[in-house]
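Chains A and B supply the protein sequences, listed in that same order.
All residue numbers for the first sequence refer to this note's numbering, where the first residue is 1 and numbers rise by one.
All residue numbers for the second sequence refer to this note's numbering, where the first residue is 1 and numbers rise by one.
Everything labelled a hint here was simulated from the structure, so no lab data went into it.
C-beta: ideal position from N, C-alpha, C; glycine also.
Some hints here could point you the wrong way.
[Stated by the list, open to error] The list that follows gives simulated cross-link-like pairs (lysine-lysine, BS3-like), each with its CA atoms no further than 30 Å apart:
| hint | chain 1 | residue 1 | chain 2 | residue 2 |
| --- | --- | --- | --- | --- |
| 1 | B | Lys51 | A | Lys132 |
| 2 | B | Lys51 | A | Lys156 |
| 3 | A | Lys118 | B | Lys241 |
| 4 | B | Lys253 | B | Lys241 |
| 5 | B | Lys253 | A | Lys167 |
| 6 | B | Lys325 | B | Lys12 |
| 7 | A | Lys118 | B | Lys51 |
| 8 | B | Lys51 | A | Lys188 |
[Claimed, not checked] Anything over 10 Å on all C-beta distances counts as not near chain A; from chain B, calculated:
| hint | residue |
| --- | --- |
| 9 | Val151 |
| 10 | Asp196 |
| 11 | Leu215 |
[As the list claims (entries may be wrong)] Simulated restraints on C-beta separations:
| hint | chain 1 | residue 1 | chain 2 | residue 2 | range |
| --- | --- | --- | --- | --- | --- |
| 12 | B | Ala17 | A | Pro194 | 45 to 55 Å |
| 13 | B | Ile5 | A | Gln73 | 34 to 44 Å |
| 14 | A | Tyr114 | B | Asp301 | 46 to 56 Å |
| 15 | A | Tyr114 | B | Met84 | 18 to 28 Å |
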Amino acid sequence: MKRSLFYLLMLVMIFISGQLQAALSWTTHAPESSEVKKTDGHNHNARNKGKSFFLHDSIGAEVEIWLPTLEQQPLVISKTGVVKVKATGFDNYHLLYARRQLDGLDEMALRYQYMRGKPSGESPGLLVGHSKGTLEIKPSPLTREHRRYQSGDTAKFTLSFNNELLKLQPVIISTSNGTEINLHTDNKGQLTVPIPEDFSNIKSGRRNNRPAEFTLISSITQNETKYQTTLNADYHVNPSHWQSRLGGGLTILFGFIGGLMVLRYVRRRETEYA
Amino acid sequence: MPNHINISVLRKLVQLAAFLFLVYGSVIVGFYSVDKISNALPALSCAYDTKTADYCTLIPLQHRMDHDLGRAILAGTSILTALMPGLVILSTFLIMFVVLNKAFCGWICPLGFFQEILTLIGQKLGLRRIESLPEKLVQRIRPFKWLMLTVLIFGLPILAGMGVVSNELGSPFCRICPSRILTSMATGDATQMYIDTSSTAYFILSLIANLLFGLMIAWGLFFRQPFCRICPMLALHAVFKKIGLVRLVKNAKPRCEKCGLCAKACPMDIKEIHTDMVHKDVLFSDCTLCGRCVEFCPDKDVLQMKYAFMPIISADPQYFKRRKKSQTQWEKKNLLGKK
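Isolated chain A (complex conformation) (with noise of 0.2 Å):
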């Protein structure tokens, strides 16, 4: 009994693995197997510049570009699964939107992408809270200046369907460093993420280890139609492996200390010149 339940399950694991290879889902790191070797604009020093993109099982999918302000632009598919996206002259939070529509299949991609230029006014609770598709993974909230999403830590999500919350939907992530992890949704509609500590041969310092991605997928069939959605993002090693805070609580203790020293210090000294 317990052997079938194992093979079922590995059966189960399999099916699902098969299926996000499967799903139209957005990536910077082109595939290994892929004809493209990567993908630009991605590094700290091509910040101002326009960035390349990869969209999986991209074949008969509509893509577009969402500016801070709503408004959508075209985009084009190489292919190879590449899309370029020029810099769009705006600061702040962008969406890259897929969708494919096909009989009896409702399918759609997101990455909400950082993109610099002059400021757009809008706050990115704009493009976050607009509805995008039927089926929907929303980043709540999505990551502010100064934060990443980072290993070992959780993020929050909710997932609706018709801008309804799903309750107790299921939901797997995976990551570019292999890890894959079955979650659903909690009574209310939110998704807990716990980002896995996945990144191997970890250098000292953020801008020594290169971010990985993770990818949200979920998916629910209703009246003979497949919804399916996936969100991508980046993610990051845990400065925890370079950061002490003991130490740091340490040093404010010895800041302390030293402070109430020199004050003494110098209070015996006036005393003494009095």
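Chain A is already provided as a structure; the job is to place chain B on it using the hints.
Below, chain B alone, put in the same frame as chain A:
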């Protein structure tokens, strides 16, 4: 007016409200409110605080010096174009600054408020206070705020952008700012209290940040506003103080020479407010427009805080008597060793 209601109490209430809004405000006004409010607040409210409603202008200024100006100089591209984003930030800062002038320090800044609370705790604990720092020491400390502004806000970020110094020095002030540790810890996030071993520069900066924070707490218990005296925001305010609508005006009288209560009341130890008998404009570079000098001036209208040309707080002998009485009562009631 009841004894316990005075300008100091009113200011503390404003400071408390500002602290709550700036440190936790996004919970009420929305997570992304910072994009809507200013991004260029003339007070040390930190972007590393995940719940902040708005953040300080020094962060984007350092970024612009590093990413735009420094890199434009290196690449030999148009300096004017590279300066534009920085000028937009400075303009936003100025629009806000004009309204309150240096009062952003004395009435709004979360770090300034925290230091005042520390001094209050020190008083309550009956610690032997240093009422005023020696004048020589005050004079020696004063240039540090300019050094902080020129080196940490402009100099090093530009050099980092040009590749002359390591890019770890792209936002050096934020790396050592006590407000980063304070405001993030106030929201229950201890991730900003760290020693960073990833590089020598980060190690030294994190060491300075923590030592400075510890030092500020220790000294804040014994004397007033230890960090404010070297704060680069104070220097940035000083550059533009002439255009702010809030003014501090002195109508000197011969009695001023003997009195000096205003200088004693000043948390920044600005002796000149007492000794200057010539200038009407007594808004000095170190002033935080807290208004204590006006409160503790016993002569009618000698010191005034004005909004444009309208007096908003004026020295008044009746108020002075009441204020003195309430101070004595408060000390008797609250301070250890004074009962």
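Hint-by-hint comparison with the structure:
no.	hint	in the structure
1	Lys51/B x Lys132/A	holds, 27 Å
2	Lys51/B x Lys156/A	holds, 15 Å
3	Lys118/A x Lys241/B	holds, 28 Å
4	Lys253/B x Lys241/B	holds, 25 Å
5	Lys253/B x Lys167/A	violated, 75 Å
6	Lys325/B x Lys12/B	holds, 19 Å
7	Lys118/A x Lys51/B	holds, 25 Å
8	Lys51/B x Lys188/A	holds, 23 Å
9	Val151	holds, 21 Å
10	Asp196	violated, 5 Å
11	Leu215	violated, 4 Å
12	Ala17/B x Pro194/A: 45 to 55 Å	violated, 37 Å
13	Ile5/B x Gln73/A: 34 to 44 Å	violated, 58 Å
14	Tyr114/A x Asp301/B: 46 to 56 Å	holds, 55 Å
15	Tyr114/A x Met84/B: 18 to 28 Å	holds, 20 Å
In summary, the numbered hints that this structure violates are 5, 10, 11, 12, 13.
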